[in-house]
Structure formats: C-alpha cells, structure tokens
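**Q** Make the full structure from the sequences, and use the hints.
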Amino acid sequence: MGGILSLPVLGVAVIYGITGIPNFAIGVIGVFGGFVTWYFLSYNMGLAIAIGVVVCFIIGWIVQRVLLTPISEMGGDATLFFIITIAVGFVFEGLLRAIFPRPNISLELPRIGTISFAGFSVEGFKIIALLFAIGTLIIIRLMEEHTEMGKSWQATSQNLKLAKLIGIKTTQVFSIASGLGCALACIGAIFWGSLYNLQLSSGWDLGFLGFIVAVVGGIGNIWGGLISALIMGMVMSFSGYLLGGEWQSVILYCIVILVLIIAPKGILGSERSL
Amino acid sequence: MSEPVLKVTDLTTCYGSISALKSINFYALDKEIVGIVGPNGAGKSTLLESIAGSLQPVEGVIELLGHRIEHFSVLKRRQLGLMLIPQEANIFSMMSVKKNLEVSVILSDREKREELISYAYELFPILYERRKQIANTLSGGQQRMLAVGIGIASNARVMLIDEPSIGLAPKLVTKFFETLKKIRDDTKKTIVLSEQNIKVLNIADRLFGLEAGEIRFDERKENLSRDVVKDLYLGSIS
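Here the protein sequences come in this chain order: A and B. For the first sequence, my numbering begins at 1 and goes up steadily by one. For the second sequence, my numbering begins at 1 and goes up steadily by one.
Do not rely on the hints blindly, as some may be mistaken.
Said to hold, decoys possible - Incomplete in silico selection of chain B near chain A, CB under 8 Å:
#1 Ala52
#2 Leu55
#3 Leu75
#4 Gln79
#5 Met83
#6 Pro86
#7 Asn90
#8 Met95
#9 Val103
#10 Ser154
As the list claims (entries may be wrong) - A few chain A positions that, by computed beta-carbon distances, are all more than 12 Å from chain B:
#11 Ile62
#12 Pro101
#13 Arg111
#14 Ile166
#15 Gly167
#16 Thr171
#17 Gly245
#18 Val259
Think of the hints as simulated: they come from the structure by calculation, not from any bench. These figures come from a predicted structure and were not determined experimentally. All C-beta atoms, glycine included, are put in the ideal place defined by N, C-alpha and C.
**A** Spelled out as structure tokens, the structure:
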C-alpha cells in the first residue's frame with residue numbers, strides 16, 4: 001500500500017516543493033491518465049502506459065501554465081488555490097464521466113506475483129512502485145547536482161524571486177514540475193488500477209491520501225513523504241487486517257491527527273525545496 | 001555626454017494608494033557607479049525593484065540600452081543585461097556556495113562561465129575556501145560577498161545592488177566598497193547601488209539624493225558638498 005501511495009505522494013511533493021502551490025487535482029488527473037491507459041491497453045501495454053503518462057504530463061503542464069502560474073503571479077493565496085484546484089479536479093472527473101462510459105475499470109497488467117519476507121507476503125507491484133518512486137527521487141537528486149535544469153529547479157524552489165532575477169525561466173520550471181507531478185500520479189493510478197480497480201472518483205482518494213501522507217511526512221520534503229507513505233501504508237494494511245476494512249480510515253486519520261498535533265510540520269519537517 | 005545605459009523618466013510606483021516614488025527621473029551612464037542615497041523609507045529599494053521589474057510602476061518610462069522595458073518581465077529585462085541584487089534573500093541559502101555561483105551563470109555563454117566563477121572567487125577568496133559549504137552557514141559578511149558573487153556570475157551589463165553595506169562592520173564596508181569599484185574597473189560594467197552609508201561617497205561617480213519618494217539632488221561627486229548629503233539624512237535646518 002505504501003509503495004503505491006509513494007507515487008502520488010512524490011507527485012504532490014514535487015509540485016508543492018517547486019511551485020509552492022498545492023494542487024488538489026493531481027489525483028483526479030492521475031486517474032484520468034489511468035483511464036486513458038486502460039483505453040489503449042488492448043493495443044500495446046507499454047504504449048498505453050506511455051500515452052497515459054504523457055497525457056497527464058501535458059495536462060499538468062497546461063493547468064500550471066494557463067491557470068496556476070498566472071494566479072500565483074497575481075498573488076493568489078492558499079485558499080484560492082484550494083478552491084481552484086478542487087474545481088479543476090471536478091472538471092476532469094466530469095470529463096472522465098463524459099468520455100468513458102464505464103464507472104470502474106481494472107487494468108489488466110501481467111501480475112508479478114507476491115514476495116514473501118519474514119512471514120509477510122507483499123504484492124510484487126507494490127515493491128516495484130516503491131522502487132520506481134525511489135528511483136525517480138534519485139534521478140531528481142542527480143539532476144540537481146549535475147544538470148542545469150536540476151540546478152534551476154532547486155534554485156526556483158529555494159528562492160523564487162532571486163531565481164527570476166538571475167534569469168531562470170521560472171514559468172517553465174513550474175510547468176515541468178506540475179507535469180512531472182501529474183505524470184507520477186498517473187503511474188500511481190496505473191499501479192492502483194491493476195491491484196484494485198479505478199473508479200471515476202478514485203482520483204480524490206488518491207490525491208487526498210497523497211496530500212495527507214505528504215503533510216504527515218513534512219510537505220515538500222520528499223524523503224519525509226516516502227517514509228510517511230510507507231508508515232501510513234503499513235498502518236492501513238495492519239488496521240485492515242486486524243480490525244477489518246471499515247476501521248482502516250478511522251485508525252489512519254486518528255494517527256494523522258495525532259502526528260500533526262505532536263509535530264505540526266510533519267515527521268521530517270516541511271521545507272519548500274526538493 | 002554619452003547616452004545613458006539606463007534611463008528612468010517620470011517614474012511613479014505605488015503601494016496601494018500610497019505613492020512610494022513620485023515622478024522620478026534617474027539615469028546611469030556607461031561604466032559609472034551611481035549611488036542612490038537617502039534615509040530609510042526614501043524609496044531607494046522601490047526604485048531599484050521597479051527598474052528590475054519586481055515591482056510594477058504606475059507610470060513612467062524605463063529605458064535600458066535604448067529599449068523601453070517598463071512592460072517587460074523580470075526575465076526579459078535580465079536577458080537584456082540588467083540584474084538586481086536585492087537587499088534581502090539575495091542568495092540560495094540551502095545550496096552550496098559553488099552551486100549558487102553555478103546556477104547564476106545560466107544566461108552566459110558556456111565558454112565564459114568558468115571565467116566568471118573564477119573571477120568571483122578571485123575577488124572573494126573566502127568564497128573559494130568555503131565553496132562546498134551551504135550558503136546559510138556563512139557569516140553575514142560572507143553571505144553579502146556571495147550575493148555580489150551571484151551578480152558577477154550573472155555577467156549583467158548593469159548591476160543594481162540594494163544596500164550592500166547594511167549590517168556590515170565599518171571596516172568591512174570600506175573594503176567592500178573598494179571591491180565594488182574594482183569590479184567596475186575590471187569589467188567596465190555600470191553599477192547602481194542604493195546606500196544609507198555615507199562611505200558610498202568614496203566610490204560613486206555620481207549621487208542621487210532621494211527623500212520621501214522624490215529626488216533631492218543629482219550631482220557628480222566632485223560638485224557635492226558633504227552638507228547637502230548630511231541634510232538629506234538629518235533634515236534641512238532652513
């Protein structure tokens with residue numbers, strides 16, 4: 001569970017870390033990509049996944065470029081972004097309803113089987129999702145050290161005003177970050193859809209869970225987000241196993257509230273940087 | 001007289017309904033060091049931020065190297081050769097010194113980048129010593145050096161520096177100003193700096209006196225008596 005959660009969490013962290021704008025539509029956009037992938041799945045699996053991910057990247061880019069960046073330039077505050085990104089989410093959920101006639105789908109990807117470890121068995125997909133998230137994170141870190149683009153991201157996330165002054169194309173950096181975040185959410189949705197199933201409204205679960213887990217880890221702090229994803233995932237699995245599925249969210253959100261009372265900035269502390 | 005590289009005509013900038021700059025005329029010539037002096041709240045930072053594009057003026061014309069730039073974005077002004085080193089938050093505090101400089105050469109030709117960074121290290125050897133250190137672990141003075149280093153790395157034709165001496169020990173201020181002069185002499189750039197510190201008289205070619213959003217004087221240094229400057233800060237007796 002934590003493995004799959006780690007992808008939308010990473011998406012949330014990348015977008016918030018770089019742009020400072022919370023995008024609550026990220027999950028719905030990811031699920032939109034999941035449906036797109038499902039639509040093309042009968043042709044070719046790799047191609048279908050690629051199309052879904054690219055569509056999400058483009059949607060993320062456009063939403064940021066035409067909507068969120070201009071509003072942020074005008075000085076929009078968190079409440080405004082909350083309402084606008086929720087509205088964007090409903091737009092995409094509505095589009096899903098209009099385009100895809102089926103209320104829920106299951107992505108038939110080849111199963112990898114389960115891996116047993118110390119008496120527990122874990123679905124192979126979950127491990128792959130987690131490895132994918134960690135791999136993405138390592139690539140981002142390497143880019144920050146060795147590429148101009150990575151350094152520009154880092155500079156933009158640390159000091160937007162100075163980044164603009166030294167000549168970084170911050171608008172472009174924002175758009176790429178948003179595209180990347182939505183693409184990660186899409187991959188998360190694809191994993192989710194192949195393990196469970198995707199409903200038209202699954203995006204809200206995925207997005208809000210991603211957000212909450214990111215906040216618990218320390219929003220914008222990517223490592224904190226991943227650790228939190230693993231812990232929260234385990235909490236959900238264990239509480240579901242011990243008390244039954246209906247108790248999962250009760251236990252999960254009580255723990256979220258507790259953690260945030262004790263550490264309001266999350267487990268590793270929040271930072272507006274990658 | 002040669003054409004100014006930077007020229008501001010009738011510039012008015014407001015915060016809400018309060019005008020912080022009232023129809024300012026200002027210019028800087030090529031290779032000149034211009035000091036904008038005045039007390040706190042005179043509008044010095046507002047003027048620099050309006051020129052750089054961080055603030056949008058209500059009225060007026062800003063020309064840079066013959067281009068009208070008042071409607072240009074910060075980025076476009078930067079691409080034309082203007083760079084502002086702000087008074088606060090003027091470094092990337094969670095990045096190493098080296099990376100601060102590396103990211104600031106982004107608009108320069110690839111062949112020139114190493115050279116610019118080496119020049120910044122040459123001016124401030126302490127930055128080279130501390131190049132691997134995270135910027136916010138530097139002392140206040142060193143952070144200020146890094147901010148100027150970022151300006152050098154950016155290789156802008158016109159460099160605006162907002163209050164570079166604020167918070168520095170008096171001894172450091174003199175040295176710091178000498179370094180700014182050396183930068184101008186070496187690189188033939190135009191430097192505009194806002195200052196409260198009177199020592200700016202030692203390096204500036206020309207001074208603009210600003211008070212309550214209006215220009216009080218605009219004089220070459222040699223024509224300026226210290227009393228005029230003093231009046232600006234203390235208020236004229238007459």
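**Q** Evaluate each hint against the coordinates.
**A** Going through the hints against the structure:
1. At its closest, the beta carbon of B/Ala52 sits 7 Å from a beta carbon of chain A; the interface hint therefore holds under the 8 Å criterion.
2. With a least beta-carbon distance of about 11 Å to chain A, the hint placing B/Leu55 at the interface is violated under the 8 Å criterion.
3. The beta carbon of B/Leu75 comes within 6 Å of a beta carbon in chain A, closer than 8 Å, and the hint placing it at the interface holds.
4. Contact between B/Gln79 and chain A, as hinted, is supported at the beta carbon level, the nearest pair being about 7 Å apart and thus within 8 Å.
5. With its C-beta approaching chain A no nearer than about 6 Å, B/Met83 sits inside the 8 Å limit, and its interface hint holds.
6. Annotation: B/Pro86 was flagged as interfacial toward chain A, and the flag holds, the nearest CB pair being 7 Å apart, inside 8 Å.
7. A hinted interface residue such as B/Asn90 counts as satisfied when its beta carbon comes closer than 8 Å to some beta carbon of chain A; here the least separation is about 6 Å, so the hint holds.
8. Below 8 Å, beta-carbon pairs count as interface contacts, and B/Met95 has one with chain A at about 6 Å; its hint therefore holds.
9. Among the interface hints, the one on B/Val103 holds; its C-beta lies about 4 Å from the nearest C-beta in chain A, closer than the 8 Å criterion.
10. Contact between B/Ser154 and chain A, as hinted, is supported at the beta carbon level, the nearest pair being about 5 Å apart and thus within 8 Å.
11. Here A/Ile62 stays apart from chain B, with its beta-carbon at least about 20 Å from theirs, past the 12 Å limit.
12. For A/Pro101, the shortest C-beta to C-beta distance to chain B comes to about 45 Å, beyond the 12 Å cut-off, and the non-interface label holds.
13. No Cβ of chain B approaches the Cβ of A/Arg111 within 12 Å, the least distance being about 43 Å, so the stated non-interface status holds.
14. The claim that A/Ile166 is not at the interface with chain B is violated, since a C-beta of that chain comes within 12 Å of its own (minimum 5 Å).
15. For A/Gly167, the condition that its CB be more than 12 Å from all CB atoms of chain B is violated, with the nearest at approximately 4 Å.
16. With a least CB separation of 8 Å from chain B, A/Thr171 falls inside the 12 Å interface cut-off, contrary to its annotation.
17. The claim that A/Gly245 lies off the interface holds: its Cβ sits roughly 42 Å from the closest Cβ of chain B, which is beyond the 12 Å cut-off.
18. With 12 Å as the threshold on Cβ separation, the claim that A/Val259 sits away from chain B holds: the shortest Cβ distance comes to roughly 25 Å.
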